[in-house]
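Chains as they are written, first to last, in this note's numbering: chain A, 1 to 358; chain B, 1 to 358; chain C, 1 to 388; chain D, 1 to 298; chain E, 1 to 304.
Quick caveat, the hints were computed from the structure, so don't treat them as lab data.
Values in this document were obtained by computation on a predicted structure and should not be read as measured data.
All C-beta atoms, glycine included, are put in the ideal place defined by N, C-alpha and C.
There's no promise every hint is true.
[As the list claims (entries may be wrong)] In silico DSS-like cross-links for lysine-lysine, where the CA-CA straight-line distance does not exceed 27 Å:
#1 K101/D x K291/E
#2 K333/B x K167/A
#3 K17/A x K19/E
#4 K107/A x K93/A
#5 K20/B x K93/B
#6 K20/A x K291/E
#7 K17/D x K282/C
#8 K126/E x K23/C
#9 K17/D x K191/C
#10 K282/C x K297/C
#11 K101/D x K282/C
#12 K7/B x K128/E
#13 K20/B x K128/E
#14 K108/C x K51/D
#15 K17/D x K19/E
#16 K333/A x K7/B
#17 K177/A x K65/B
[As the list claims (entries may be wrong)] Chain D residues, not near chain A, derived (Cβ > 12 Å throughout):
#18 D53
#19 F78
#20 R185
#21 P212
Residue-level listing of the chains:
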Amino acid sequence: MTSVSIKNLDLNFGSVKVLKQLNLEIDHGEFLVLLGASGCGKSTLLNCIAGLLEVSDGQIHINDKNVTWEEPSDRGIGMVFQSYALYPQMTVKGNLSFGLKNARVPKDEIESRVARAAEILQIEPLLHRKPAALSGGQRQRVAIGRALVRDVDVFLFDEPLSNLDAKLRADLRVEIKRLHQKLHNTMIYVTHDQVEAMTLADRIAIMKEGLIQQLDSPAEIYNRPVNKYVADFIGSPSMNFLDGDMSTKGKFKTGGTEIDLGNYEFVDGPIGAPVWFGFRPEHVIVGEAATSQPFSTKVVAEIVEPMGSDTLVWTSIENQPFRVRVDGQASIKTGDEFLLGFDPARASIFDKENELRV
Amino acid sequence: MTSVSIKNLDLNFGSVKVLKQLNLEIDHGEFLVLLGASGCGKSTLLNCIAGLLEVSDGQIHINDKNVTWEEPSDRGIGMVFQSYALYPQMTVKGNLSFGLKNARVPKDEIESRVARAAEILQIEPLLHRKPAALSGGQRQRVAIGRALVRDVDVFLFDEPLSNLDAKLRADLRVEIKRLHQKLHNTMIYVTHDQVEAMTLADRIAIMKEGLIQQLDSPAEIYNRPVNKYVADFIGSPSMNFLDGDMSTKGKFKTGGTEIDLGNYEFVDGPIGAPVWFGFRPEHVIVGEAATSQPFSTKVVAEIVEPMGSDTLVWTSIENQPFRVRVDGQASIKTGDEFLLGFDPARASIFDKENELRV
Amino acid sequence: TDLEVTHWWTSGGEAAAVAEFAKAFNATGNNWVDGAIAGGGGVARPVIISRILGGDPMGATQLNHGRQAEELVEAGLMLDLTDIATEGGWRDIVNPTGLLDSCTVDGKIYCVPVNIHSWQWIWLSHKAFADAGVDVPSNWDEFTASADALVAAGKTPLAMGQQSWQSSGAFGVINVAIGGLDLWTKINVNKDAEAAAGPEMAKVFEAYGAARVLSEGSNVQDWNQATNMVITGEAGGQIMGDWAQGEFQVAGQTAGVDYTCLPGLGVNEIISTGGDAFYFPKNDDPEVTAAQKELAKLMISKPVQVAFNLKKGSLPVRGDIDMSTANDCMQKGLEILAAGNIMPDGNQVLSADTSGQIEDLMVEFWNDTSMTPAEAQAAYAAIIAEAD
Amino acid sequence: MAQSTRPNRLFRNLNAKIAALPMIATALVVFIGFTVWTIVHSFTKSKLLPKLDFVGFAQYERLWGTRRWLVSIENLAFYGISSLVFSLTIGFLLACLLDQKIRFENTFRTIILYPFALSFIVTGLVWQWILNPEFGVQNIVRSLGFSEFVFDPLYNADVVIFGILIAGLWQGTGFIMVIMLAGLRGIDQEIWKASRIDGIPSWKTYIFVVIPMMRPVFITALVLIAAGIVKVYDLVVAQTNGGPGNASEVPAKYVYDMMFKNQNLGQGFAASTVMLLSVLVILIPWAYLEFGGRKGDK
Amino acid sequence: MTNSSSNTTVEMTGPRGAKPKRALSPRNIMIYGVLLVVACYYLLPLYVMIATSLKGMPEIRLGNIFAPPVDITFEPWVKAWSQACTGLNCEGLSRGFWNSVRILIPSVAISILIASVNGYALANWKFKGAEVFFTILIFGAFIPYQIMIYPMVIFLRELGLFGKLGGLVLVHTVFGMPILTLLFRNYFTSLPEELFKAARVDGAGFWGIYFRIMLPMSIPIFVVAMILQVTGIWNDFLFGVIYTKPDAYPMTVQLNNIVNSVQGVKEYNVNMAATLLTGVVPLVIYFASGKLFVRGIAAGAVKG
Ligand SMILES: Nc1ncnc2c1ncn2[C@@H]1O[C@H](COP(=O)(O)OP(=O)(O)OP(=O)(O)O)[C@@H](O)[C@H]1O
Ligand SMILES: Nc1ncnc2c1ncn2[C@@H]1O[C@H](COP(=O)(O)OP(=O)(O)OP(=O)(O)O)[C@@H](O)[C@H]1O
Ligand SMILES: [Mg+2]
Ligand SMILES: [Mg+2]
């Protein structure tokens, strides 16, 4: 039994096709994050699920009920917006209870639900303030509360944290995670912040131009991206790509360098074609320890970017830029020559033609 | 000989004091980053240096010349803005040469300077386009070029990258670094992105409410923050703080836990007062290796946030939240009990009263 | 020389009359630049005055003679015409002499009276009365008596435009006709508020109130539209000054055949000697001044007086000319004038301010049927008490 | 330390100051100077020409003892309040209608806005014509068989002000509607989404959420209407010229007539000073709300 | 396998795609119904003007004003344009039209130029006291003109501009200044301040920035200001009648003269033709610029 199921969804704005035959199944209690570049259709998809946009074709089922033509308020969903969208002239309590009053929920019931939500979100002291008198984080909590009081099964979040500063974002992220652990309802969460996606999601759907590129657990997406787009999109600093080919079976060759792909897990076995060899900067090992890796080479540090906890070293392999993340305490300086090594098993290799993982 | 020197600078907007008796000396060829929370006065300081704001009191010297009352164009500075601030109706070339034309530089001279800047920034093919037809990164480069052609000694950057997406930001950051290495002129760079600050700066000035909190090299600021504000501000995830006291000389005590501060480098020797014990999540060591650390203890993972390259584990010591950054491949799961350890020498301890480093 | 002349004579008959001035002036080799301002004196006067004050005066301008220009003269903004007046012997030819007095300030003459207009007329439509099957009345009482028949025939007994000066003018006419000249003089010249509040005046207000009832259904704005109602037989009659004559003439109607005019409402045959006068604002240009004087002389000259007044329907300002071509009504007027049954015009005795206040009161009374004659009288007396 | 001297304050931004001279002159000479001049002369008994022989508050006493002035004030109050209420409601309702993602929005908006391009003179004339009982609406309805039908607002002292109101609204609501529409478009779309998810019918959203959010827009509209109302003159002149009787007189016309027709400048100045006071009564609270309330916000 | 489930076939029963909509839903009927009624109300006067102006007087006297013209005649138009009389002048509106044009062009140009420079100085070169003057100016926008008519007469006399074109231009510039300055100030304030700063760093001065940077970026607001001024000045009656003389009367004054110069009966058809002729310039401007104006108003008038 699925919580939300989207079948062959099409959405056009006039002649612009924003979503194209999109299918998606979300389980009960799952935390799904929609991740993708700006304009790829994340908000559009969310609005379709909420019923705020009329789909062009396809169906949407929530709790196994076809809700394609239902009103948003009848779909059993709650939604939290990027701009909070609180009703500015009402107190926090008014904001929380407005929808319930409108649905003619009895008064005591409203009171108790608001009280419960306020408790969960720890906004009891704020109930009689107006939104203007709240901080960003508090507003965000009220916005969540508004979804909470409606006792819905599915929560939709559209970049709920992107208006907040970094520190608050990190705190609220953890709160949302806690909330999910407490409530166990389905959450669909749109963001373009990778850290949010990685830390919150049970599964991540990476979207590009209205299509889902990969739908998988964060670890899988990080470790085994299905195509170059996903590989490049996920991870910061982003993955290094070396341009070369695999004409020699089981070996990657770029310029004069050859990397043995002995223990690389091919999807369908090795192919003999030009490929991208992708490797994450943080999986590279430097210094003496590098020698023990299946592959190692000597390089020159071109730029060293100390970032406190880590240091990013820009170097190059066969004249192709290659970044390496090393410990913040490492003592590599610009111009230094040093040894780097890695295990090709942790690489991601993509066919140069269709950019799919091989 | 200093490049820019600011003496007892005051700046008020009406009754609001934004900068308060600020002093700052910047050496020739130095790359200084101003870092601080939003609204702390970074842009204001930059505008004062540029002459775009009239100072309320104090002096500004550039190249040992008192320029406090000079026009912006006579100060020998170039400025790059967050929104690029390109003249939309002029071509790239027009943008680059506008300032020179105003200064009545001869035509050939303009041509050659524009050509040189365009070459350095690799925007030759764009010279006849208008800004609207450029991508964000290209616009940023033109904005830098506008400062470049003016052949000035001091470059001022006001959050030049914050309108760009993460990937482009990383690329341009490196380019700015390269540019500085090539030109060797003084750069004052405002940002509130820590990574930018850490990677670019020779020295960082951390500002708070119009005052400079600490002015030091990135490593120093990261490792030896002078007060709790700086410690908390720098580093992501931010530093853990344990609330306790040092009534027993040389020992930090919180709840039932005691940490021996044997090799901690005190500023003025240990004090016997309530303190904050600060420790960076990324300096904590977990698993077997923890036992070899001067301090170790057993904790339970409360929340695990996998972020791909790393994983952040939320736990607590004596009921105070404590975050630990571990490797992305680490297998700690929510609820797991695990061993953590660290070297108190890498801690930062702050007096609870004045929040200064002890 | 170009001479711009402002005036507010824009209706058919008026424009034809002005054309006579222009023709005569152009014939002297000068050029009459017409500056007509539509909408009546109320609209035109502010424009005229602000131009004189603004230092960009016209060459000559119409103003009702009387007190309207007093202050302008006192401020030295008007050309002194005494020399040509003496030369032309105006004092001897102008009849009645009161007209020239109105142009005189401190013994100097500042304006040329061009015509005499009298308010004291009622114009009756033969067609309307024929339609109603009653005889054309010969005085105010008969007129009111025949009102019912007119109403029954779907006519409006008394046509009245909505502009305040019309109702106020009608009041003056009824005042003299019902209350007599003595009462009028007491109130308007001597500003006797007691008389204004007295029982004799109450009768006048009663009559005025009765006239109000007769005008129900008259929904026009301008006086000449009201006149037109009489011309077409839609209305029985109209109380209006002799300038209405021009409209009948333009419409090709003949006095005594198509319409009848009764001076003094047929009760008290007297006419007021108000009228129009031309003033000549001071000017630096001697050529212009010469032209101004030329025009002044021209305006009072015999042929121009005849031509102008015949078109305008007004009486000439000099008694020494032959007006035998004038029609019935005008002849009546000339006779009364010759007999000396004259009175000054309201504009000559009341300040613009007081006239304005009376106009406001009268037009309000006329349109607000809830205001009783007694109330109106009380307000009237209050204005007279304050008058200067 | 080389201390360069601080330049004279007056000459800093000299160009800007020179460029602002027309504004400074206008503000000082016209808006302050003229107003003060007028107020001073309102205490004199100036007739045709301004003279400085003071009579204290005599002009004001007469003013408030004059029926025509009282009627003018009454008319202005009635016209003002009605046109405020109707402009705001009609403007808002029309804006809401146009906000419903309808087809031909541009056409409808243009139709509603175009009268704003016409002068009050034109507006007054055309409505005078339409409301003319002999040819206009009354005639039409009568010719349909209702021979007793009466609709002659311009000739009935009791309702003439409605006749003017109809014309005034016709001319001005379009503009208010455009402002309202801009205000509606300025409302965060997510508010609408939130209320749809809460299941709130749109009329309720308009009343409880949108209108309170549009407060600044309403205030702007209110001030614009109010400023226009105080100045209303041309419309009355063209449509009724104050008639029938004095039934549709307005203060601006009183001022004008007093100054030029009655040649009693002092009286006119006193009346205009009262008008100015009434404007201030409207403006100062607005200025306070608009600027005083949230200082430094902009 | 780009799309993780593109090749799954899904069974689909029940509602799918967009919810079917009836074009004639009660809601639509109501909305469009109301709008049509409203549109009729707003269009009616225009229709009446046009219809009446095309009728002959007999037809007007007999028919009703809403009836379409049977015998279309352009006589009234011709008359209104070139024959209608005021006093001895029988040139119709044509003279007023050219006067209006002559008044319009310098007034619009000068008032906009001055107001835009003011707005620019206020927005970008804040100096001490500027706000005070600006506040006075804005208050001035609400002062009834009547208060200022008389002193203005004296003022113009002292300047020697009374009755001259220059005087009228001055009057329009002065009285248009508050609202235009506000408009420009708001617009210039909304432009990124950094552009201005960049230009200063580049060494451009007050006028340099105005002409080289601001002006080219402000075409939209100039258009809006122009529309406002053209219609405002074109429609002006009060200043036109007081501060000019008959041979320089603008069209509105001429219109008033024609309409009020009743000769016998009111010639409604001529009046309507004259009215339309007078309204045609602003109307054309509105219809042509429609959206732009609305957008400009939104930018200038509605903030927050
Ligand atoms: N109302 C609309 N009319 C036309 N096109 C639209 C509309 N709304 C969105 N689009 C287009 O649809 C595409 C997807 O928009 P959407 O808002 O879903 O992107 P997103 O992934 O949420 O981006 P972001 O991360 O910036 O919020 C975009 O290209 C956008 O331009
Ligand atoms: N023109 C102004 N008038 C009044 N206060 C101002 C003005 N400009 C800035 N401030 C105030 O001065 C303080 C410092 O502003 P500043 O722009 O320098 O901050 P900042 O450090 O650059 O912030 P950010 O990171 O958001 O750019 C803020 O509190 C701001 O509100
Ligand atoms: Mg989005
Ligand atoms: Mg800033």
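Going through the hints against the structure:
1. For the proposed pair K101/D and K291/E, the alpha carbon gap of about 16 Å is at most 27 Å, so the pair holds.
2. A threshold of 27 Å between alpha carbons decides the hint, and for K333/B with K167/A the separation of about 24 Å falls inside it, so the pair holds.
3. In summary, the hint linking K17/A to K19/E is supported, as the alpha carbons are separated by about 18 Å, within the 27 Å threshold.
4. For the proposed pair K107/A and K93/A, the alpha carbon gap of about 13 Å is at most 27 Å, so the pair holds.
5. Note on K20/B and K93/B: the hinted pairing is violated, with a Cα-Cα distance of about 40 Å set against a maximum of 27 Å.
6. Annotation: proposed proximity of K20/A to K291/E is violated, straight-line Cα distance about 34 Å (limit 27 Å).
7. Simply put, K17/D and K282/C have alpha-carbon atoms about 42 Å apart, too far for the 27 Å limit, and the pair is violated.
8. For the given pair, K126/E sits about 63 Å from K23/C by alpha-carbon distance, which is inconsistent with the 27 Å threshold.
9. For the given pair, K17/D sits about 59 Å from K191/C by alpha-carbon distance, which is inconsistent with the 27 Å threshold.
10. Simply put, K282/C and K297/C have alpha-carbon atoms about 16 Å apart, close enough for the 27 Å limit, and the pair holds.
11. Simply put, K101/D and K282/C have alpha-carbon atoms about 67 Å apart, too far for the 27 Å limit, and the pair is violated.
12. Taking the CA atoms of K7/B and K128/E, the gap is about 26 Å. The hint holds against a cut of 27 Å.
13. With a C-alpha separation of about 23 Å, the suggested pair K20/B and K128/E falls inside the 27 Å cut-off, and the hint holds.
14. At roughly 23 Å between alpha-carbon atoms, K108/C and K51/D fall within 27 Å of each other, so this suggested pair holds.
15. Of the supplied pair hints, the one linking K17/D and K19/E is violated, its CA atoms being roughly 63 Å apart against a limit of 27 Å.
16. Under the criterion of a C-alpha separation no larger than 27 Å, the hint pairing K333/A with K7/B is inconsistent with the structure, at around 34 Å.
17. Distance restraint check for K177/A and K65/B: the Cα-Cα separation of roughly 56 Å exceeds the 27 Å cut-off, and the hinted pair is therefore not satisfied.
18. Even its closest Cβ contact with chain A, about 57 Å, leaves D53/D beyond 12 Å, as expected for a residue assigned away from the interface.
19. For F78/D, the shortest C-beta to C-beta distance to chain A comes to about 31 Å, beyond the 12 Å cut-off, and the non-interface label holds.
20. Every C-beta of chain A lies more than 12 Å from that of R185/D, the closest at about 16 Å, which supports listing it as non-interface.
21. Non-interface call for P212/D relative to chain A: violated, since the shortest CB-CB distance, roughly 4 Å, does not exceed 12 Å.
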